[in-house]
Amino acid sequence: MIDFFDVIKRALNGPYYSEQDFTLKIMVPKLKAVIKKYGIRYDPATPIPSNDQLADDVFRAGLELCTEVGCYCKDTSRVIRFTADEIQEALRDAPSQPFFGEGRDRKAMLARKPESSDPPYCYVGAGGSVVTSEDVFVRLVEGYGRNPLSDSITCPALTKINGMEIVAGSPLELLACIRAVELGRAALRRAQRPGLPIMNSIATGVTATGKIGGSAFGLRDTDCWVVGFTSPLKVQFERMNEVAYLLARGAQLVGEASEPIGGFAGGPEGVAVISVVYHILSILVLRSSVHLTFPIDIRYGCNTSWEIMWPISVAAQAISRNSHHPILNLAYTAAGPMTEMCLYEIAATMTTFVASGGNIEFGGVAKGTSQDRFTPMEPRFATEVAHAAAGLSRVQANEIVKTLIPKYKDRLSNPPKGAKFQECFDWDSIQPCQEYIDLYGQIKTELAGYGLKFK
Amino acid sequence: MSTDKKALLDELQQAVIEGDGEGAKAAAQKCMEAGIPPLETVEFGLRDGLKIVGERFEKLELFLPDMILAAEAGNEVMKVLEPAIGASNMQASSPGTVIVGAGKGDIHTIGKNILGMLFKLAGFKVHDLGEDVSATTFLEEARRLNADIIAISCLMTSTMPCQREVIKLLNDVHERDKFKVMVGGAPVTQQWADDIGADGYAETAGGGVTVALKLVANK
Chain W
17 MIDFFDVIKR ALNGPYYSEQ DFTLKIMVPK LKAVIKKYGI RYDPATPIPS
67 NDQLADDVFR AGLELCTEVG CYCKDTSRVI RFTADEIQEA LRDAPSQPFF
117 GEGRDRKAML ARKPESSDPP YCYVGAGGSV VTSEDVFVRL VEGYGRNPLS
167 DSITCPALTK INGMEIVAGS PLELLACIRA VELGRAALRR AQRPGLPIMN
217 SIATGVTATG KIGGSAFGLR DTDCWVVGFT SPLKVQFERM NEVAYLLARG
267 AQLVGEASEP IGGFAGGPEG VAVISVVYHI LSILVLRSSV HLTFPIDIRY
317 GCNTSWEIMW PISVAAQAIS RNSHHPILNL AYTAAGPMTE MCLYEIAATM
367 TTFVASGGNI EFGGVAKGTS QDRFTPMEPR FATEVAHAAA GLSRVQANEI
417 VKTLIPKYKD RLSNPPKGAK FQECFDWDSI QPCQEYIDLY GQIKTELAGY
467 GLKFK
Chain X
213 MSTDKKALLD ELQQAVIEGD GEGAKAAAQK CMEAGIPPLE TVEFGLRDGL
263 KIVGERFEKL ELFLPDMILA AEAGNEVMKV LEPAIGASNM QASSPGTVIV
313 GAGKGDIHTI GKNILGMLFK LAGFKVHDLG EDVSATTFLE EARRLNADII
363 AISCLMTSTM PCQREVIKLL NDVHERDKFK VMVGGAPVTQ QWADDIGADG
413 YAETAGGGVT VALKLVANK
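Taken in order, these protein sequences are the chains called W and X. Quick note on the working numbering: the first sequence kicks off at 17 and runs consecutively. Quick note on the working numbering: the second sequence kicks off at 213 and runs consecutively.
The set of hints was computed from the structure by calculation and includes no laboratory data. Ideal Cβ positions, reconstructed from N, Cα and C, are used throughout, including at glycine. Be aware that one or more of the hints could be misleading.
DEER-style ranges, computed between Cβ atoms [what the hints assert, rightly or not]:
1. 339(X) - 451(W): 49 to 57 Å
2. 406(W) - 291(X): 26 to 34 Å
3. 249(X) - 99(W): 52 to 60 Å
4. 419(X) - 210(W): 41 to 49 Å
5. 429(X) - 181(W): 48 to 56 Å
The list that follows gives simulated cross-link-like pairs (lysine to aspartate or glutamate, EDC-like), each with its CA atoms no further than 20 Å apart [said to hold, decoys possible]:
6. 90(W) - 340(X)
7. 48(W) - 407(X)
8. 46(W) - 19(W)
9. 337(X) - 223(X)
10. 52(W) - 278(X)
11. 242(X) - 270(X)
12. 271(X) - 323(W)
13. 41(W) - 284(X)
14. 46(W) - 230(X)
15. 291(X) - 344(X)
16. 250(W) - 340(X)
17. 425(W) - 415(X)
18. 25(W) - 102(W)
19. 425(W) - 270(X)
20. 176(W) - 352(X)
21. 425(W) - 462(W)
22. 176(W) - 407(X)
23. 52(W) - 230(X)
24. 433(W) - 415(X)
25. 41(W) - 278(X)
26. 271(X) - 59(W)
27. 48(W) - 278(X)
28. 250(W) - 415(W)
29. 242(X) - 278(X)
30. 291(X) - 223(X)
31. 41(W) - 234(X)
32. 41(W) - 353(X)
33. 48(W) - 232(X)
34. 436(W) - 59(W)
35. 52(W) - 352(X)
36. 90(W) - 344(X)
Taking the hints into account, I'd like the entire structure generated from these sequences.
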């Protein structure tokens, strides 16, 4: 695979385009052209298709698009392009079974296939959602760590440090990044799982300075570090700086991409194809150990809608059938904790991810935007559903998802907010209240009736 | 409205919906030649067409590139009609001028881009300042463009303070009354908007346009 210096060279010397021309004159028409060429059609009746030909066509369309379009560097207005041979070489050389964590919690993430009975790797926690205090941060992370099915942790983001609101790019951000790492590690020690990897680097940070500075206070090379593209098919030096730092450390990273349905990629077909392009660029540009795909429905700020499930599933099938580089799928629910809707949303997304060949990240609750409105219960439920979904056929998964989404789809635009952590968990024991336990049990029983085999 | 007139306005509307700049320009020319008052062409041909584009976007029948092409087709229409309408009437035909940008430290642009396009479709004159925009830049650009509304988008909690900083700066330079300030973005809430003294907040881009129209109507 070409090395990172070559990527930087291309970011500095590749063909010049204005950002608008790259998007509207290069990316959009070529995306439409490959969708037409490969006859890719969204089928609203089947959120999880069982069509291998469709999955492979989406992958081929993505390969072709990646070669023709490349990745736009926002800092230089240059396009980083790769030849078809370089792309094939990257797919051949990409990591296939990276290990994360230490001691008893060291574990490999496998590149699963659709319908695989291999248990998914479960990367769970807050999905970077925000908390009001350090106390809430520590209790949540301890709660995540206590879930035996948690393989790695996504920490929350702090909003204040020493009573002061964190301002991006200021010294407060750097200090808060340091604090977040210290708190995360301490909380996992409290959970008796000090080796669990923290996989979202430092959600409190925005800048490379904050994240790199903060990482020196406790992040390990065996953790992982989420580094993201900008939509559509763009990268910034700020993110490439993080890559350079991680490569020098020999540390792992998750390449992340979130493409909204309805945005520049268009509808479900475009989102599926562009997700494949991100996967390839993740290997080449971000030098990822694994790739995280996160299509989102911007109408609702979540990815549990009927329309978003097809591109999520098709992209996961396309990638997992044709690449040995592991993938994660991230879920964001619209509804908040201790609501039926939230649990149905989680069940629908986990079933889709796992049956389609993905590993899971969970996640954002209540759109991941409401302070303290998430608990350790939703990730626990997500991991249990994800394990229960391993081995389901796509036909079975499709039927389950078709049963679940109608239960909440009319409420996506006005979802129930649910309860805050402090309202539905005991503060000292970090255990859910009886009402939440009852609801969790009731929904699990219902899901078992649909064919999910809980252990 | 006569059948011929309606057919011409429908033709213009259709060209705008399809993002066909040349077709929209030709249709606007035909409307002029048929003697349809230009402001009527704007209202019932262009504006209605752009409104339909916005509605179909909400239903995922059209996407962001379609909105951009429709807005560009709208620009072609205006090039034909502007000389006949005259500058003062042009001003009257637009609800107002908006500057949009993602706050300091924030590099997330998709929500802000969609908001900007929906503003354009609603007839606003839109100046997009891009991402990572400082409070000073918001102020200076608002002054330069004599904006009616400053719309600040933030996707991160740590960039939200920029929204408050803009309002603080406007107060400090005694220009708070000159501009309406709207705030939005995933972590932003009505409570936050109230706390920092913003004039408007909406959870969605579509809702943002409704709020903006109310703000300019009450200005």
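- Query: Hey, residue 46(W) versus residue 230(X), does the alpha-carbon distance stay inside 20 Å?
  - Reply: holds (19 Å)
Just to be careful, I want the Cα atoms of residue 52(W) and residue 352(X) compared with a cutoff of 20 Å; is the pair within it? violated (46 Å)
Exercise. Within 20 Å, alpha carbon to alpha carbon, are residue 176(W) and residue 407(X)?
Worked result: Holds. Residue 176(W) to residue 407(X) sits at ~17 Å (cutoff 20 Å).
### Message
Given the hinted pair residue 25(W) and residue 102(W), is their Cα-Cα distance within 20 Å?
### Response
holds (15 Å)
Verify the proposed pairing of residue 52(W) with residue 230(X), using a straight-line Cα cut of 20 Å.
Measuring from Cα to Cα gives roughly 18 Å; hence the hint holds.
- Query: Hey, residue 176(W) versus residue 352(X), does the alpha-carbon distance stay inside 20 Å?
  - Reply: violated (30 Å)
Is residue 90(W) close enough to residue 340(X), meaning Cα to Cα at most 20 Å? holds (16 Å)
(Q) So if I understand the rule, the pair passes when the alpha-carbon distance is 20 Å or less; does residue 433(W) with residue 415(X) pass? (A) holds (14 Å)
- prompt: Taking 20 Å as the top limit, are the C-alpha atoms of residue 291(X) and residue 344(X) close enough?
  reply: violated (32 Å)
*Between residue 425(W) and residue 462(W), is the straight-line Cα distance small enough, at 20 Å or below?*
The given pair, whose Cα atoms are some 18 Å apart, holds under the 20 Å limit.
inquiry  = For residue 41(W) and residue 234(X), compute the direct alpha-carbon distance and say whether it is at most 20 Å.
reply    = Holds: residue 41(W) and residue 234(X) sit about 17 Å apart, inside 20 Å.
Agreement of residue 52(W) and residue 278(X) with the hint, judged by alpha carbon distance not exceeding 20 Å: Holds, at about 17 Å.
The structure is inconsistent with the numbered hints 2, 5, 7, 8, 9, 11, 15, 20, 28, 29, 32, 34 and 35, although it conforms to all the rest.
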